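Chains as they are written, first to last, in this note's numbering: chain Z, 1 to 110; chain S, 1 to 116.
Keep in mind that the hints were calculated from the coordinates and are not lab data.
One thing to keep in mind: the hints can contain errors.
To be verified - Keeping only pairs whose Cα atoms sit at most 30 Å apart, straight-line, the calculated DSS-like set for lysine-lysine is:
#1 K14(Z) <-> K108(S)
#2 K68(S) <-> K9(Z)
#3 K108(S) <-> K68(S)
Claimed, not checked - Partial selection, computed: residues in chain S whose CB lies under 8 Å from chain Z:
#4 L34
#5 R61
#6 F62
#7 T63
#8 G83
#9 G103
Quick caveat, the model's predicted, so the values are computed rather than measured.
C-beta: ideal position from N, C-alpha, C; glycine also.
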Amino acid sequence: NAGVTQTPKFRVLKTGQSMTLLCAQDMNHEYMYWYRQDPGMGLRLIHYSVGEGTTAKGEVPDGYNVSRLKKQNFLLGLESAAPSQTSVYFCASSKLNEQFFGPGTRLTVL
Amino acid sequence: DQQVKQNSPSLSVQEGRISILNCDYTNSMFDYFLWYKKYPAEGPTFLISISSIKDKNEDGRFTVFLNKSAKHLSLHIVPSQPGDSAVYFCAASRPYSGGGADGLTFGKGTHLIIQP
């Protein structure tokens, strides 16, 4: 039982490049989330999903897109990366209130 | 506007003593509160939670107190141990709407340092 896993762990992008972050969970959770954490800030919700095939915007959705084609996977895409998207990205999943987090992806945009 | 506030960025406590971490919230719609613990280079891990219908929840060395009228909650760790040194995040959620869960609202975190 791996819980929540994230791929990749680290990535460096140049401004304008695109990439996809993958989140996978093996707990059969309906709900999945993408957060970002910046220095001195708490985690801020980017997008979330309440089930396969559904997505919704969170607090800071601009510049990101998501897809939930399979229940166990939640993808976060950056179409044209900007330096302001340098951050640590955390994926989480939940059945109810308690969310389980992945180890994070550290993304640097130059 | 920050809806969940942790006003102490850091807290230093001696090993064996009590650690008290505080959290305030402004949104009266929040009905469930959680504490997460985070070590460097790891994801947050769930510690303890409390529903708004309760004023206290205990789990081993960890106790969370909720004062709804003051919109304040606190996490007590007794006794504090070196392994408790981490960043602690307070988080809150609203009641589900339409059967969905729209994520947690986090505070900025408090860095707890346990001194030997």
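Results for each hint:
1. Taking the CA atoms of K14(Z) and K108(S), the gap is about 28 Å. The hint holds against a cut of 30 Å.
2. With a C-alpha separation of about 39 Å, the suggested pairing of K68(S) with K9(Z) is violated against the 30 Å cut-off.
3. Simply put, K108(S) and K68(S) have alpha-carbon atoms about 21 Å apart, close enough for the 30 Å limit, and the pair holds.
4. Here the hint on L34(S) is kept, as its CB sits about 7 Å from the closest CB of chain Z, short of 8 Å.
5. Because the smallest distance between the Cβ of R61(S) and any Cβ of chain Z comes to about 19 Å, over 8 Å, the interface hint for this residue is violated.
6. With a least beta-carbon distance of about 14 Å to chain Z, the hint placing F62(S) at the interface is violated under the 8 Å criterion.
7. With a cut of 8 Å, the hint placing T63(S) at the interface with chain Z is violated, because the nearest CB-to-CB distance is about 18 Å.
8. The beta carbon of G83(S) comes no nearer than 19 Å to any beta carbon in chain Z, farther than 8 Å, and the hint placing it at the interface is violated.
9. With its C-beta approaching chain Z no nearer than about 4 Å, G103(S) sits inside the 8 Å limit, and its interface hint holds.
The structure fails to meet hints 2, 5, 6, 7, 8 from the earlier list, while all remaining hints are met.
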